[in-house]
Amino acid sequence: MTAELVRGQNHPVSRSRVEIRVSAGTPVLALASLADEQGRLAGTGVLAHPGARTLPGVHAPADLADRHTFAVDLDAVAADVHRVGVLLVLPPGGPVCFGAVPASYVAVAAPDGGGEIAGYTLTGLDAETAVIALELYRRQGAWKVRAVGQGYSDGLGALLADGGMPAPAARELAAAALRAAAPAKEADATLAALPSLVGDLRAPQTPERAAAPAPDPTPASGVPYAGTPGPAPAGAGSPPTISYTHPRRRRTSSEPPEPAPRAAAAAEPGQPPRPVAGDAAGWSMDERLYNQVWGMFEDLARTVAAYRSAVEFADSRMDRELDDALSDPRHRIGGSGNAARDAARARREELVAQAQAVLDRDLAQLIAESEVVEPALPASYARWDNPVWHGHRTPEEGPLALRLGDLHLPERPDLRIPMLVRVPLERGLWIDNGRTGSEAAMAMDTDRLRRAAMDMAVAHAVRLLAVHPADRFSVHVIDAAGAGAASLAPLVRAGVLAAPPAAGAAGVSRTLAELTRRVDLVQMALKAGAPEDLPPDVDTAEQLLIVHDFPHGFDDRAVTQLRYLADEGAAVGVHLLMVADRDEASAYGPLLDPLWRSLMRLSPVPDNHLADPWVHHAWTFEPDLPPQGSQVLGQALDRVAEARRTTRP
Amino acid sequence: MTVNMTKGQAISLQKSDGGTLTAVRMGLGWQAAKRRGLFGSRTREIDLDASAVLFADKQPVDVVFFRHLQSDDGSVRHTGDNLVGGVGQGGDDEAILVDLQRVPVHIDQIVFTVNSFTGQTFQEVQNAFCRIVDETNGQELARYTLDGGGAYTAQIMAKVSRAGSGWQMTALGNPANGRTFQDLMPAILPHL
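The listed protein sequences derive, respectively, from chains U and W. Going by this note's numbering, the first residue of the first sequence is number 73, and it counts up by one from there. Going by this note's numbering, the first residue of the second sequence is number 4, and it counts up by one from there.
Hints are computed from structural coordinates only; laboratory data are not their basis. Each residue gets a CB set at the ideal place from its N, CA and C atoms; glycine is no exception. Hints may contain errors.
[As the list claims (entries may be wrong)] Pair ranges (Cβ atoms, derived):
{"hint": "1", "chain 1": "W", "residue 1": "G141", "chain 2": "U", "residue 2": "R402", "range": "51 to 59 angstroms"}
{"hint": "2", "chain 1": "U", "residue 1": "D457", "chain 2": "W", "residue 2": "P193", "range": "54 to 62 angstroms"}
{"hint": "3", "chain 1": "U", "residue 1": "W366", "chain 2": "W", "residue 2": "N140", "range": "24 to 32 angstroms"}
{"hint": "4", "chain 1": "W", "residue 1": "Q92", "chain 2": "U", "residue 2": "D396", "range": "52 to 60 angstroms"}
{"hint": "5", "chain 1": "W", "residue 1": "P193", "chain 2": "U", "residue 2": "Q426", "range": "27 to 35 angstroms"}
{"hint": "6", "chain 1": "U", "residue 1": "E640", "chain 2": "W", "residue 2": "N140", "range": "48 to 56 angstroms"}
{"hint": "7", "chain 1": "U", "residue 1": "D147", "chain 2": "W", "residue 2": "V90", "range": "48 to 56 angstroms"}
{"hint": "8", "chain 1": "U", "residue 1": "R465", "chain 2": "W", "residue 2": "R70", "range": "46 to 54 angstroms"}
{"hint": "9", "chain 1": "W", "residue 1": "P193", "chain 2": "U", "residue 2": "D391", "range": "21 to 29 angstroms"}
{"hint": "10", "chain 1": "W", "residue 1": "V90", "chain 2": "U", "residue 2": "S399", "range": "54 to 62 angstroms"}
{"hint": "11", "chain 1": "W", "residue 1": "G141", "chain 2": "U", "residue 2": "G463", "range": "45 to 53 angstroms"}
[Said to hold, decoys possible] Anything over 10 angstroms on all C-beta distances counts as not near chain U; from chain W, calculated:
{"hint": "12", "residue": "T23"}
{"hint": "13", "residue": "F68"}
{"hint": "14", "residue": "G93"}
{"hint": "15", "residue": "Q112"}
{"hint": "16", "residue": "A166"}
{"hint": "17", "residue": "P193"}
[To be verified] Short, incomplete list of chain U residues facing chain W, as computed with Cβ under 10 angstroms:
{"hint": "18", "residue": "A378"}
{"hint": "19", "residue": "L423"}
{"hint": "20", "residue": "V687"}
Given the sequences, and given the hints that come with them, work out the whole structure.
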């Protein structure tokens, strides 16, 4: 049976005569290197290549091909040879790097077509042009094979040089190997292409540095184990991403994370790399995207902070210089005062122009990033107009975070940062339908504003229902006066509410009593350490309570219960979404201030009331609603209802 | 190659291959106080702090220190406060990273300081040093030895200032006294 190796893994090789089988996605050169105990390629006769195919114990193939089979007799290799490396080298004029071709597969097998002992698929390669695929090595008198899968962007010359061969000799040997392998008619092209292959692929002006023997190898970030002869970082710009995941094994929660997307190479030298969605730390793609969005948020905040502070400084310096020019008695006679003032203004303009150039550069990069990130977002992070909603299915796991809307700064209003918050929500939400909150709200009439606020609440409820597994999220509504009925109609029609919207004072107290009881019981059960002993009628799913038209229908007791839910509910999965005008509760005086403060205020119209945690800019929040005439909400609700029917017998 | 800089010496932050520096790190390291007695927690810990003050035209604009770990623009970052020191074998216990390309255009000088927050003078601290490192390749550009540095609790170490299109570093090495960078402001201003 074949042992499928992952990078760094080893496996015993029980027989001495083995066959190395290579199957590559493109014609490659397969070579064998013979190294001593320290992994050094010392002296001559260390590389079996097309120009010198046979060395004691190994016989390398002669030509370029996508399939190779060659024999290794481990008993016949010299006693001072401790490591036999299987090298794959891309020919000049072919594909530029292993990252651009399908993954190669290398196996150690019994000779003459016998069964494979161990195999390894070389995944996760990037800019490498020469790789050590496998290594057969002596360990306590026996031979083992190890999956290496690491290489050099600078080609075979760098690989050999790093193995301890003097740089000129390494380059010559690499050139000789490639020359011998290439068909004669291509000889000229081969020679012409040699410098770029033997030297540095990306920076041809520094072949000496690239090929110099590294006496003290720089530790690359991804060295998987001690013992390889100092692998050089593969890419010049980015550290190599090493994926330890097995290419053909399914991922379980205990296994390493999903492989990260590879950072794209720079479009042109000197340009920032093209952004890639998911280019951040995290175990899953959702977590990476969440971190990437927050990274963009912070970068935009800081970039704008740099710009604003530079402009502010330029202004204050100009003011100071203008004052000085005005108060300098020498300027009172003649035109020198004007010249001084013009100089002060010119100095300001120059600095502002510099700051603007830096800002434009950074914004362009963030916009490019936003353009790749936004379409890649999962449904819970995505705008309602994102096509991901059309293919959305009820998930098996709850979401990591939720999009509440968009944030932007006046410097670049079209650069929208998704406002993501972690789920379960730590704070309740408050959609402010009061007209005194902002200028945009003042400009709207009360009815339209209230409708917009309630539509927004319903959109959030639908999003939460759709991104949770069926039966893991339920929504309660208190609409004491029935004023939100029009907005709530889709929820009611789809039959996804836990109960019909509660109306009247009786409905308010019934719903609040029920949720209060749930919070109380779950808290007790958790404190007692027996969460499984809840009464069977307690719904363990996350709960969302939408309260419309507060404080209509609320008596003092109900207000107290609501405050209890706001304070205690989030920790045990009861979340509050208030749609309210603070002024209407003014009869309570300052008593409700702590309640409002404990909720995150959102607005149905654009409003700049949110501050970022780093530099405290005022960000404009804009709600995200389904496009006019879109069916996306209805479709999402249909799917939620459908999933519930199938899970509930 | 390490330059043991002398006071007032200026070096241009050009790389040996002609490229300009893009990122530098100011590292600070010292040896933790010896454990004493039965109650180890009563050891008089030594807490040195590294700070960087960003100036625009001699006006302090921003500061990066243990209570403000990142400049508002994000270009200067402190890796976090170390309250006790390390093993004293040359590793950085606190570091401030400066991404010179991202420093806002109006910032023209960045001054690095070291303070003894717990009040010990540099005479009492073992194996203390601060150094400037080229962050891109780990090469040390300059190093100061602080211990035995006299009865001072602070040092204004170095400044990095704009020169032409690049940056240059001037070693200051000026002893001073103070608990945090605020106490040092009068001592810093003459060096701008």
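Tested hints:
1. Between G141 (chain W) and R402 (chain U) the Cβ separation comes to about 54 angstroms, which falls inside the hinted range of 51 to 59 angstroms.
2. Checked against the given bound of 54 to 62 angstroms, the beta carbons of D457 (chain U) and P193 (chain W), roughly 60 angstroms apart, stay inside it.
3. A C-beta distance of roughly 30 angstroms is found between W366 (chain U) and N140 (chain W), which places it inside the suggested range of 24 to 32 angstroms.
4. For the pair Q92 (chain W) and D396 (chain U), the beta carbons lie near 53 angstroms from each other, so the given range of 52 to 60 angstroms is met.
5. Between P193 (chain W) and Q426 (chain U) the Cβ separation comes to about 28 angstroms, which falls inside the hinted range of 27 to 35 angstroms.
6. For the pair E640 (chain U) and N140 (chain W), the beta carbons lie near 54 angstroms from each other, so the given range of 48 to 56 angstroms is met.
7. Evaluation of the 48 to 56 angstroms hint for D147 (chain U) and V90 (chain W) yields a pass: the beta carbon distance comes to about 49 angstroms.
8. Judged by the Cβ atoms, the range 46 to 54 angstroms given for R465 (chain U) and R70 (chain W) holds: they are separated by roughly 48 angstroms.
9. A beta carbon spacing of about 26 angstroms between P193 (chain W) and D391 (chain U) agrees with the range 21 to 29 angstroms that was offered as a hint.
10. Checked against the given bound of 54 to 62 angstroms, the beta carbons of V90 (chain W) and S399 (chain U), roughly 59 angstroms apart, stay inside it.
11. G141 (chain W) and G463 (chain U) have their C-beta atoms about 48 angstroms apart, which keeps the hinted 45 to 53 angstroms range intact.
12. Taking the minimum C-beta to C-beta distance to chain U, about 13 angstroms, the non-interface status of T23 (chain W) holds against the 10 angstroms cut.
13. At roughly 16 angstroms from the closest C-beta of chain U, the C-beta of F68 (chain W) stays outside 10 angstroms, upholding its exclusion from the interface.
14. The beta carbon of G93 (chain W) sits about 17 angstroms from the closest Cβ of chain U, which is more than 10 angstroms, so the claim that it is off the interface holds.
15. Non-interface call for Q112 (chain W) relative to chain U: holds, since the shortest CB-CB distance, roughly 13 angstroms, exceeds 10 angstroms.
16. Non-interface status of A166 (chain W) relative to chain U is upheld: no Cβ of that chain comes within 10 angstroms, the nearest being about 16 angstroms off.
17. With a minimum CB-CB distance of about 21 angstroms to chain U, P193 (chain W) clears the 10 angstroms threshold, and the non-interface call stands.
18. Here the hint on A378 (chain U) is kept, as its CB sits about 3 angstroms from the closest CB of chain W, short of 10 angstroms.
19. With 10 angstroms as the threshold, the beta carbon of L423 (chain U) comes within range of chain W, its nearest partner Cβ sitting at about 6 angstroms, so the hint holds.
20. A distance limit of 10 angstroms between C-beta atoms decides the matter here; for V687 (chain U) the minimum to chain W is near 5 angstroms, and the interface restraint holds.
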